[in-house]
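Listed here are the chains, written in short residue letters.
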Amino acid sequence: MCGITKAFVRDLPVLESVDFDIAAGEIHSLLGENGAGKSTLMNVLVGLVRPDAGTLVVAGEPVDFATFGPAQAARCGIGMVHQHSALVPAMTVVENFAFGDPDGGWLFRPARRRSAVQALAERFDFDVPLDRRVEDLSVGERQRAEILRVLGRGARVLILDEPTSVLTPGEARRLFTSLRRLRDSGHSVVFISHKLGEVEEIADRVTVLRRGRTVGVLDVAEADAPTLGRKMLGRDVAPLDRTGRPPVAAASGPPLLQLNGLAAPGATEASRLRGLSLAVRAGEIVGVAGIDGNGQRELEEVLAGVRAPSSGELRIRGEAVTPGARSLRAAGLAHLSGDRETSGLIAGFSLAENLILKGSYDDRRFFRRGCLDLGAARTAARDVAARYGVVPNDPDADIAVLSGGNAQKLTVARELDGDPAVLVAVNPARGLDVGAARFVHERLIERRAAGAAILLISTELDEVMALSDRLVALVRGTFVPIPAGADRAEIGAILLGGTVT
Amino acid sequence: MTVRDERLVDVARASFAIVLALVVVAAALALLGFEPGPALAALARGSLGGTAALTATVLKTTPLLLTGLGVALCFRCGVWNIGAEGQLLVGALCATAVATRLLPDAPAVVLLPAVVLSGALGGFAVAAVAGALRASRGVSEVISTILLNFVAIQLVALAVHGPLQEAAGAYPKSDPFPVAALLPAIGRWHLGIAVAALLAVATEVLLFRTAIGFRMRAVGLAPRAARFAGISPERIGLATLGLGGAFAGLAGAFEVAGVTGQLYEGISPGHGYTAIAVALLAKLHPLAVIPSALFFGALEAGAGAMQREAGVPASVTQVVQGIAILVSATFAVAARRRPGAAAAGAASAAAEEAT
Chain B
1 MCGITKAFVR DLPVLESVDF DIAAGEIHSL LGENGAGKST LMNVLVGLVR PDAGTLVVAG
61 EPVDFATFGP AQAARCGIGM VHQHSALVPA MTVVENFAFG DPDGGWLFRP ARRRSAVQAL
121 AERFDFDVPL DRRVEDLSVG ERQRAEILRV LGRGARVLIL DEPTSVLTPG EARRLFTSLR
181 RLRDSGHSVV FISHKLGEVE EIADRVTVLR RGRTVGVLDV AEADAPTLGR KMLGRDVAPL
241 DRTGRPPVAA ASGPPLLQLN GLAAPGATEA SRLRGLSLAV RAGEIVGVAG IDGNGQRELE
301 EVLAGVRAPS SGELRIRGEA VTPGARSLRA AGLAHLSGDR ETSGLIAGFS LAENLILKGS
361 YDDRRFFRRG CLDLGAARTA ARDVAARYGV VPNDPDADIA VLSGGNAQKL TVARELDGDP
421 AVLVAVNPAR GLDVGAARFV HERLIERRAA GAAILLISTE LDEVMALSDR LVALVRGTFV
481 PIPAGADRAE IGAILLGGTV T
Chain R
1 MTVRDERLVD VARASFAIVL ALVVVAAALA LLGFEPGPAL AALARGSLGG TAALTATVLK
61 TTPLLLTGLG VALCFRCGVW NIGAEGQLLV GALCATAVAT RLLPDAPAVV LLPAVVLSGA
121 LGGFAVAAVA GALRASRGVS EVISTILLNF VAIQLVALAV HGPLQEAAGA YPKSDPFPVA
181 ALLPAIGRWH LGIAVAALLA VATEVLLFRT AIGFRMRAVG LAPRAARFAG ISPERIGLAT
241 LGLGGAFAGL AGAFEVAGVT GQLYEGISPG HGYTAIAVAL LAKLHPLAVI PSALFFGALE
301 AGAGAMQREA GVPASVTQVV QGIAILVSAT FAVAARRRPG AAAAGAASAA AEEAT
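In order, the protein sequence lines correspond to chains B and R. Here my numbering is used: the first sequence runs in plain steps of one and ends on residue 501. Here my numbering is used: the second sequence runs in plain steps of one and ends on residue 355.
A portion of the hints provided could be inaccurate.
[As the list claims (entries may be wrong)] Estimated spans, in silico, between C-beta atoms of each pair:
| hint | chain 1 | residue 1 | chain 2 | residue 2 | range |
| --- | --- | --- | --- | --- | --- |
| 1 | R | G49 | B | R364 | 52 to 60 Å |
| 2 | B | P392 | R | G138 | 33 to 41 Å |
| 3 | R | R137 | B | A90 | 19 to 27 Å |
| 4 | B | T478 | R | L287 | 53 to 61 Å |
| 5 | R | A170 | B | A90 | 48 to 56 Å |
| 6 | R | L287 | B | G370 | 14 to 22 Å |
| 7 | B | H84 | R | L8 | 38 to 46 Å |
| 8 | B | H84 | R | Q318 | 45 to 53 Å |
| 9 | R | L158 | B | D417 | 53 to 61 Å |
| 10 | R | G138 | B | T478 | 55 to 63 Å |
| 11 | B | P392 | R | L20 | 50 to 58 Å |
| 12 | B | D64 | R | P38 | 53 to 61 Å |
| 13 | B | R133 | R | Q154 | 36 to 44 Å |
| 14 | B | G253 | R | L8 | 53 to 61 Å |
Source of the hints: derived by calculation from the structure; they are not laboratory data. Glycine is no exception: its CB is placed at the ideal position from the N, C-alpha and C atoms.
Let the hints inform the model, and build the full structure from the sequences given.
This is the structure in structure tokens:
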């Protein structure tokens, strides 16, 4: 693959002329942070995403992207196992093999199919119960079935998207053994990961992606984990200007936000919150670093009042607050989410309507005796647009036409204008260009100077390191302390589970 | 493009959909071996030509307007209420039970409000069953409202063959309503027509000028974002479905108390289903439901005339109505994709990609 470029949103490329090559009989790791473009690059390779520019050559044959889809990729011997299962839960493993097989013919012959699958499984030492329904399988078994299915379609290049993220250490070990066997039989394996340790263990070569660009191709024999970590996280990112920031004088201030043994169910076992305790004082930014899927989303939802904690309590200004979006807001907590499209703003609503979105129960400026005062909302929206430089400044414009940066300015305006005592900011600059990101960060620093307690949850290590007075890591639903003055590599090791086993 | 411009485009699109529907209907008539010219002329005469025709159109429009409003309200809130038909039928059933069995001798001051309210309550109750299942157990309202339609059809059949059957016992229909239970009327124009028109305005106000309407629209556009704003999509969805059901129930009560004066099977020729097309053609705008319902009402009234005057058999007029509904609704729905929505979709795809 050569010079692959892709932008889903204009002028915001996910991939910028990325080169990638894989040889027969190697395990090649694709390493990078979340959002570095790993999955997108591989989706290009399997024909799910059409690049804006670039070329792809498979076994010496150039590929025409205009006609390159998943079926063509499969014919070229390229197969991918995605993070989310593509198997039909209600079918058995053998039935799943027959399902959608282009060479399967129109008759389902279970015995014949079963013996073919069995032979394949034995050859590469994949232990899968073939006659059980997929929904009854463990996650590891499901993954093995999925790999087998891709192999069964004749894949010579097998792409695994963060395969170990769902596995126990023992299962990961077994997966590695099978992958080595695959390599020794001449298959190529692309192993997408952001875990340095396992890349070092399994891969022959590594391509490191950072923010949509290739930053290096290395032989693993020549590179150790710290080198890879530096490449992956990058050193030369311009640090946020810290000048003008008062020292952490407020550390003695009263705690405005307290989490006491907060536990909550999670989307996955790894993201379950297991008794989180933390205090954020007036005038400080506490950064929660971590890799997606370790409970970030769950913590955000609990703090925003849309996920009920199973135990523990939440205190704002020392007072225990009943969880709920309205009560938390009334207590003085504001929630600034980078996930604008699904949790912050409503596409189809105007600027004015989005501005007053959170006040429909108690904001007397816009809602009186059950009536909506759209005139007041419009005036407020015009004022906010002017002060925060939101373009367009038409209060009736659908926010779907706003760029990410302008949409986030509107969110910032809504959340910060009431001078909240506590601010929970979650990936607040996600998807923004440098200028817009800087704007959001400066507002956070402003609020800190004004005496707000800010909890910054972000998967961007640069962001939390630059903004926070103190750092903790959220790893598998637990807070892990990060010592003051820890450098990027040390923090990286903690995030990747280096200190907890 | 300003909001006003968008509205104009919407109106132009809907008008075009209507014209297109008529063209397709003409073509279909020609294909079936009828002369489209005289047939369409009969359709126009029967719906718009003269006082009697206009009255017929307005009478057909009223139930479509009320059920269309209920459906539009639900769709705005992201609740796919396909059960207006059943809600209408149970509304008619409840109104009949009150008028002919529970309070047949009450004076009009008592009986009339009781008949109308019981109709609304009946529709509300049927919708609330689906709403409660949805809010508590996550049962898809699409399925439950459709299935409740069949329950309602059978309930009406049961009633007119059993407890509500006329005293004479000859036909499967109810006793005629006592005079005190009939809606006041000028000629055939009953009070329900005015009420329906007023409710269209009220619904517009509810959706766009009140806090509850604001929450309904927020839930319909983005339930997750609404939740972050402290709004419960379950509760709002339940309330909206109930209200939509009450509108349909009211339509049923007005039919029996304003038009037929009694209940029988087949009291509704599928008003509750046409309501979906009515709401879609109006692009879910309550005020726009008025002209949209008028169009479908005219079609229904005119179809009768087409049958009588141009010799087009009843089955063919039904085909014609079906085609008109299909073409106009399809066009209205297809036009709902907007560039803004596409951009938002791409942005969310990119955001998903980044995880």
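Hint-by-hint comparison with the structure:
no.	hint	result
1	G49(R) / R364(B): 52 to 60 Å	holds (55 Å)
2	P392(B) / G138(R): 33 to 41 Å	holds (39 Å)
3	R137(R) / A90(B): 19 to 27 Å	holds (21 Å)
4	T478(B) / L287(R): 53 to 61 Å	holds (55 Å)
5	A170(R) / A90(B): 48 to 56 Å	holds (54 Å)
6	L287(R) / G370(B): 14 to 22 Å	holds (21 Å)
7	H84(B) / L8(R): 38 to 46 Å	holds (44 Å)
8	H84(B) / Q318(R): 45 to 53 Å	holds (47 Å)
9	L158(R) / D417(B): 53 to 61 Å	holds (60 Å)
10	G138(R) / T478(B): 55 to 63 Å	violated (31 Å)
11	P392(B) / L20(R): 50 to 58 Å	violated (34 Å)
12	D64(B) / P38(R): 53 to 61 Å	holds (57 Å)
13	R133(B) / Q154(R): 36 to 44 Å	holds (38 Å)
14	G253(B) / L8(R): 53 to 61 Å	holds (57 Å)
Comparing the model with each numbered hint stated earlier shows that hints 10 and 11 do not hold.
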